[in-house]
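Join these two chains into a complex; the hints should help.
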Amino acid sequence: MNSSSSNSGSSSSNSTNIGSKLLARYPFVEDAGNYLKLLDYRLEEFDDPTMSNVIDRATARVVAAMRGVVYDPYNVASVDEEVVSFILACIMVKASKVKALYRRFALSEARRAEVFLVDDFRMNTSGDEMGYILNNIFKGLFAIDVIYSHDHSTFMIKVEDYLKYSTNFHDEYWRLSNRILHKGYVHLNTKDMVRLIRDEIYALIIRRLERINVEYDNLPEALKKRVNALKSMMLEIDGLSSNNNVYVERRGYPPCIVNILKALEQGNNPSHTARVLLATYMLGIGKSVEEVCELFKNAPDYNERVTRYQVEHLAGLRGNRVRYSCPSCSKVESQGLCFKSDECNGIINPLQFGRRHGSSAGRNRMDMDVDEGVGSEVR
Amino acid sequence: MIDGKREGNDKSNSTLATMRAYSINLLNQAFKEYYFKHTEMVEAPDAIQEREFGYSRFDGTMIRHLSMRDRNELIALLIMNVPADVYCSAAYYTSPTRPMEEKGLKAADLIFDIDVKELKPRCSSIHDIHLCEECLKPIDDTSSICECGSRRINHVTMPCDECISLGKREVKKLAEMLEDDFGVDKDNIKVYFSGNYGFHVYVKGRYTMLDSAARSEVVNYLLGRGVADAIRKRYGKMLREVMKGNRSGNGDWKGRGRRRESRSRRSVNRDDKDEKDDDYHSDVITTSHGYDESLAADGGYGWIGRIVRYLCSNDVSMSMKSIEDAILALSARVDPNVTIDMHRIFRLPGTLNSKSSLAKVPLPRLSDIDSFNPLIDACLISDREVDVYVIDAPRFTLKGNSFGPYTHEEVKLPLYAASYLICKGIAYAKRK
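Listed in order, the protein sequences are those of chains F and B.
The first sequence begins at 1 in my numbering and counts up by one.
The second sequence begins at 1001 in my numbering and counts up by one.
Treat the hints as calculated values from the structure; they're not laboratory data.
A couple of the hints might just be wrong.
Unchecked claim - Pairs of lysine-lysine residues, derived as DSS-like cross-links and limited to a Cα-Cα distance of at most 25 Å, are as follows:
{"#": "1", "chain 1": "B", "residue 1": "Lys1137", "chain 2": "F", "residue 2": "Lys183"}
{"#": "2", "chain 1": "B", "residue 1": "Lys1190", "chain 2": "F", "residue 2": "Lys183"}
{"#": "3", "chain 1": "F", "residue 1": "Lys340", "chain 2": "B", "residue 2": "Lys1103"}
{"#": "4", "chain 1": "B", "residue 1": "Lys1117", "chain 2": "B", "residue 2": "Lys1137"}
{"#": "5", "chain 1": "B", "residue 1": "Lys1430", "chain 2": "B", "residue 2": "Lys1355"}
{"#": "6", "chain 1": "B", "residue 1": "Lys1430", "chain 2": "F", "residue 2": "Lys158"}
{"#": "7", "chain 1": "F", "residue 1": "Lys183", "chain 2": "B", "residue 2": "Lys1172"}
{"#": "8", "chain 1": "B", "residue 1": "Lys1204", "chain 2": "F", "residue 2": "Lys158"}
{"#": "9", "chain 1": "B", "residue 1": "Lys1106", "chain 2": "F", "residue 2": "Lys158"}
{"#": "10", "chain 1": "F", "residue 1": "Lys139", "chain 2": "B", "residue 2": "Lys1106"}
{"#": "11", "chain 1": "F", "residue 1": "Lys262", "chain 2": "F", "residue 2": "Lys225"}
{"#": "12", "chain 1": "B", "residue 1": "Lys1120", "chain 2": "B", "residue 2": "Lys1355"}
{"#": "13", "chain 1": "B", "residue 1": "Lys1204", "chain 2": "F", "residue 2": "Lys183"}
{"#": "14", "chain 1": "F", "residue 1": "Lys225", "chain 2": "F", "residue 2": "Lys97"}
Chain B on its own, in the form it takes in the complex (with noise of 0.2 Å):
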């Protein structure tokens, strides 16, 4: 039996050794259940034989440079190897087996990744936990050395709802972008929680081709980067003359941000040429430069507009700092160099995340995205109850149910919380 606090200073490493086989042996088992299950659940993507896939196995071996003829093929390879992770490449390959440079790239889809941890919630100080690998106590977020002299640490994110919400409202802004500016359709956006603290956001059709450089450039505009540099460089005069109170900001460009926000609402609904009336012109910055007379001309499309919009419809007064913070809340904060990297190889759809041992699920519609929970709706690992030792965990909930918090104690617990917690690595299967 596992004696509580002594627990990490008296186990003998053998032990520890046990504890780990037993709890992969049961992680074996959740997860080959599922993918008994829920096979339907695993999403075979389109031109299948164009892709690679990979895996991980529970020792932490990768498998990559496969190919697979059909979702056949694909479901078989779950069943009899029960991996830990898998993978399937957002690119389309001439020859997917081959080494990386003689795969013949042909397209990728366009995938953006919403890390929550990359959000720096704030709620993290509260619910994630950081444990000496070694020792197994509970050491403090800013040190990166234990008490034993360990510096092998595990920083366990325990996502709650408010996290999620924060990824969701990235999700949404990067949707609202991609629609508005770029003109995807939605039919065309499919959302996936990631299976762990995260989502993928991946964008079908016409932007395929788009090579890496232009996929920099896109997530560079969805980021806002250089947008503030290109507003100060236009209109860098005109604000230092407001912020000095030789100008109004009223008259200039609030007052144009609501004149256009309710142009471009009525342009909407009517396309016709009263559009071209005197107060149309009226406000046009005067440079020579095409992209004001573009703004003007497109009833303040695109950065600008929308920061505009922004500034107006929370009432903040015109200012460099304002702008930059308009930005920061406006952007849809993706990681860059998960989009631009043609090459990488995606978690599958439908499988399950060895880090959470949580399954990757669409979201059904764009639109269900606040009524989406994936604590529950992500949470398919069966119920049967198994026995665990549980290190340090705080409260959290799956499937609607509440769980700990727990320290140092043995408890029962449903194979789909017990599989998340040893998943998490702060628990422990107690038998084979």
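Next comes chain F alone, as it looks inside the complex (with noise of 0.2 Å):
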């Protein structure tokens, strides 16, 4: 079988030639860094009015991660250009300290890895560039063996490996029961190989933010006219003060709820049963449409019209017109998402937790039972 594995490794003369070309599209790849030192850019270089080219790129890269798009999937500028944009729209991202935006800004260049990951496995890449991408980004950045089938275009990952970041989705398409399984891996195409590492990504260039240090009052201003323009926008499109974090009273939830909320404020993507049980439950204590739409303006893949959508749907305003009830603890249990403490207190449904502790959201739940006389959907 015509193969190669991530351990094969792209040892040819030309290597570098291909880091550099691949460098562009991937440029969250440890070596960044790297190239940028190499390139000896300075922060005050860019007031040069040469260098406003770059900085729109970076500023259209941030701009496309605020509105919820994948930046110009389909054009791939110079390694420098592609390379020092990404870097900028990282420092402007950091400077502008507005977590939302950290979030939007990692989940729009993953999307944007993924599009050239596919692209690239698609195309019939050279084993060399198929040897740089297993070598630097599945083995060198998430410690994935991975050995690619040329002829079947096929690529097989161990289990474990595929278990690790496979139980994190929680649909059926993920179970390992619908995947192919011989001696050991898991065999996957190029979609699924690609999407199975995409929440990694964005989890590394959020590390990768974090590691930003940089003050907004050190840029030089030409960045800093772009980042008061970005944050602006930032407002304009999400209508959120700069320190946006929607924080939410944590108090008289019950720990499976407040989990969900701590996964919100902290820009993960919390799963379709998280988050259809914090609709649930929300809807059921009383909160109305809009406040329960207002909980998830902080995921990262945040779209208002889906999300209202959904909730109403929930709220029983659409489609079969069926209001959903919050599942009860055992559910919630054989979804992953009990967190169970002694305050639970052997209730067997999440929305008797505020009847006992007689909290806010208790109270809001108890008048709802006597106005809308749902109480049965708990018992």
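Next up, the structure:
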């Protein structure tokens, strides 16, 4: 079988060229920072008018992220321009101190990388290029040994590596029993192989952003202007303040709900089932559709239209007009979302948590029982 | 003297208590003798200092959160305490003696439990008995209440060769999937008779780092959970057409299965490019879905390949029903909770099971499974004769000797048979 693996490496003499070419598409790999150092860029230099092109490109990357789209996926500029604009975009995002922007930027860049990876794998990339990607991204960044069969365009990864990432997905599609297993390897097509690590690329970019040590005051004027413009634009797009964590008073909520709220506050991407639990719980205690939608604003993949439709659907305002009840504790447990504490005190539905503790959440819930007569759903 | 049929009604509670005390005493002697004579049977786990140990006494008390420095300390504990049951964690901990949340889980052996009772053997209605614990009368297996009004029913399983074979069949399926699908080397699969009514299968090596969620996925895979749904979603339309007669079943799956099977055999022997022949691609289920592409590319590995081969070899026509039946027949019916719970403690290999007095013993090799007979190989209590009063026992075989049936009678039995019945709760020792 004609195959290459992440162990095989790309030892040929043109590896530097391949590296440069691919670095333009995947600027988040460790080498990117080194590349910038090699080019000996200093921040002050970006006040030079000749640098406006690269600043424009960096700004466009951030704007695309704000709007929830993938930046220019069909047009890759020169290595210098791509890498420098990526680093500059990171610097501007960090200097904005808008946490929601960190997450949107990371997601947008991760999606861009996803497009390129699928493209590279499908376009019958040469063995050396494939070796570079497998070595520097899959193995180098995420410690996943991948074997690629050129004959069948199939990737093979160890079962334990697959499970490490797939268990974060809650869709049946990713269940191990829906996969081809052979001799300890899971066989994957290109799209799935890349999707499996997209969240890891996202997390990596977030880490890279957090490590950047830059203050707004130390930025050259050209960048300061852009950062201010980006902050205003973010306000306009989201209607959020610059320190815009949607903070939710968590007291009185059961631990399963607190955990999802925390995840959203930290910009993590809760699973679909976690989102359903949060929405049905909040609707159950009497929150309005608007209030529930607001909770999801920090999600990196937030889309107002989709969120509103789904919350309205759960509230029984759309589709089959059935109002969905909050799942029982046993269901929550089976979904791996239960973080039971002593305070849960034997409840069988998260909605009962408030009742037993007399919190504001609970009081709302009791009021609603009387008003809407839906108390039976928790029995 | 215990008077047969009137025993349940006539015996005073104190007499019964005395006989129970005699029985515990006899078991204590039998177990002590075993641990003195057969210390070599006790398997100390690897990384013994990182394991949690626990044991129960014959009075039912349980002691957990123990740790052992070495095998000698473990053997000393067995001889000094003569436990009814001894357990060891599947997990490796930083501090095994601390409370659960402070132990510091490092990893855990991947262990599967095959409980024959859960396989619902048909022969169980012949040999299993159900006794009222109050009046000691047998009751119907469907009743949950005795005519004396008691709800304390002792359901006694008396495994026969047929039951054991059922368990072995599941072990074989499990081992095959572990080897073929999960790539576990034969040497890293260790099979144990549980000491009563099932098997424990230990997997050492690469899978010890899996977390609970990942173990749950492994179990679902082995049980074939979700496979039928996945097939229904992907091939439902084609299946409906076949069932309506609009499409030939033989020309599709069955033919494909046979071709794949032969290719699969070829590919084992020849790893060459000739595999990429025209036929190889002609029967690809052409969807944009990678699963199907992989299926075609890989010669029918995994669940779908297994199902197709099963349907072909049994010459079964294709339908969702036949696919569901195939999944049931091919799945390894392991207890999911046992594998998923990484903190669980398991009976220590080489120790006795207080539900039977048989030992938890390893199969020397996986290939020995057919010749392994736990009713001989795990029966290691001595042969000296003792007097027992048997309430009710069907005919049973141990160490190649047949005993019974007995109904409310006093008999002389070798210690291994006597302790077997006492552990099952259907006999009492007659003397101290």
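Original post:
Quick check: which numbered hints come out false for this structure?
Top reply: Hint check: 1, 6 and 11 fail, others pass.
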